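Spelled out, the chains give:
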Amino acid sequence: MAIMTYREALRQALDEEMTRDPNVVVMGEEVAQYDGAYKVTKGLLDKYGPDRVLDTPITELGFTGLAVGAAFGGIRPVVEWMTIQFGLLAVDQLINNAVKYRAMSGGQFACPMVVRGPNGPAEYLSAQHSQSFASYFVHVPGFKVVAPVTPYDAKGLLKTAIRDNNPVIFLESEMSYGHKGEVPDEEYLIPFGSADVKRAGKDVTIVSFSKPVLMCLEAAEALAKEGIDAEVVDLRSLRPLDHETLYASVRKTNRCVVVDEAWPQCSVGSWIQSLIQKDCFDDLDAPVELVASEDVPMPYNHTLELEVQPTVEKITGAAKRALYRS
Amino acid sequence: MRPIKNYDASFLRPLLEEMVLIRRFEEKAGQMYGLKKIGGFCHLYNGQEAVCSGASRGMKHGVDVLLTGYRDHGHAIAMGMDPKGIMAELYGKITGVSKGKGGSMHLFDYEKGMWGGNGIVGGQIPLATGSAFAQKHKKNGGATICYFGDGAIHQGAFHEAMNLAELWKLPIVFICENNQYGMGTSVERASSVKDLYVKGQAYGIPSKMVDGMDVIAVYEEVKDALETARTKNQPSFLEIKTYRYKGHSMSDPAKYRTKEETEAYLLQDPILLLKKRMEEAGLLTEDDYKAIDKKAKEVVMQAVEFAEASPEPPREEIWADIYA
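In order, the protein sequences belong to chains A and B. The first sequence begins at 1 in the numbering used here and counts up by one. The second sequence begins at 1 in the numbering used here and counts up by one.
Honestly, the hints are just simulated from the structure, not real lab data. Any given hint might turn out to be false.
[To be verified] Heads up, simulated DSS-like pairs for lysine-lysine below, C-alpha to C-alpha not over 25 Å straight-line:
| # | chain 1 | residue 1 | chain 2 | residue 2 |
| --- | --- | --- | --- | --- |
| 1 | B | Lys93 | B | Lys60 |
| 2 | A | Lys47 | B | Lys139 |
| 3 | B | Lys28 | A | Lys47 |
| 4 | B | Lys139 | B | Lys60 |
| 5 | B | Lys169 | A | Lys47 |
| 6 | B | Lys60 | B | Lys232 |
| 7 | B | Lys255 | B | Lys194 |
| 8 | A | Lys198 | A | Lys42 |
| 9 | B | Lys246 | B | Lys290 |
| 10 | B | Lys28 | B | Lys93 |
| 11 | B | Lys84 | B | Lys28 |
| 12 | A | Lys159 | B | Lys138 |
All values reported here derive from a predicted model rather than from experimental measurement.
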């Protein structure tokens, strides 16, 4: 098994799928000659040429909409948004076209496309570049939304996303691109709708997705030192959601902390919290805790921006509250 | 007016028949709306028939693709879709072209190249550009026509798509159906320039204005532009000047226009103009026209009967057609 970075795992997925299917096309700002703003697409232009790896002008609405139309025409575009924040300009094309054409036409159209890019806060980027918009997409029926945190998950889920016949929103994290992990040499795919127990435990379930999963694992280690055995569930896939794995964990531990780096109101985290509260009501020994970012625009100052987001301390604190140990 | 002498009855007569059919279909749709058989938004095409019918004859049906906005009944008929399925869609019936899930604004027939029917002003312009991208990538010999109105041309979607189409040399013809009002706002009150076709020139795209009341002019220009798209991967932009007789939608009494203005346009009605010129050329008699009109009314009545008799969609349809 090879050790590689998250960005290399993504690149391998793109490379393998582009080799497998000539209709897979990559487009976005700086993805070709510049090798990608985060170097995910490095080398693809040389290998597949300018008809399949396309630098776009800075027009998110235009090239995302173009990709949707191309997908209706049988192309499998993988669109890179340099950040999901820029993608807000293109959300109309996804919500009103990519997702709606199939429904409005009575099933005549399919939209096999992937939109991928970094979501959520990184560092020192202030308010316009530090937002987690997972819920914007998870909210809409017709999308599939995934948010992997390890190189293994990133590769397996991206390959599945490219082969899926629906619009898939693939949420990465700027802070994750350099993370290393094991990736098998042989081909594999990870199905959507399958959560992963990243750490088994019996006392409390900590559920999260994307970058904060790593923080949850750290928190679990800290809790272990205090004799608390936490289970960490990585959702990986937000729509469809793996209720079964999630509920099985909560039914085992009877306590749950949800961690989401988005704002708390109407977030994926608050949705998961409400689902568990309702569907596992009889199994819970404490209210479900939510650790979210503070309900404020992100400040530039580093101390303050860290204070705004979930931290290991906030997660351990919530776990202890759920265990009535605080 | 372009001469019609190069065309014989076998070309002109079906063209006239289609335009009359669209006119009668729209009149009936308006009536049925008044009777509450059709709900929601319903945008009628009366007055603009020469645009969709002329353009359709320049298309290579089977490989070409068309997208338009929400005023799409005429385009659907011109793309060869059955008026029965269209009327049933307006009624929201399961036998409708979109299974009763799209309604008036969302008429689709993927196989025939009719890609809708779009409710977000200008939203279809990037999509159409993507259709052209797919056609070029797959080298299937197809080209795409993208219709939008004078109201849509100020959207960012238009400008971003025009830039991409020329930059990537895509086989597409952009057609602005300038009916001179974006809902209740006249072009003069919405556009910084008088002639909209100049906006295509800003992107290096060959652009021109076409008389949308002259169906022959529309046909010839669109055919040429599609040929250029197909053979040279060169996009074009046509501003086709037309006029809608009815309000923006059924709820619009169109008080922003004078009676004189509307009456002046009725004198250059595209159907009457074609009829007159065919009569002058000895290709049509008054009796022929009456027969065409009678036939159109019958087809429309059959469409209404079909829609009336069709069942409602079953409840389980709510959950169908969301994921592929």
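Hint by hint, which ones does this structure get wrong, listed from lowest number up?
-> Violated hints (numbers, rising): 1, 3, 8; every other hint is consistent with the structure.
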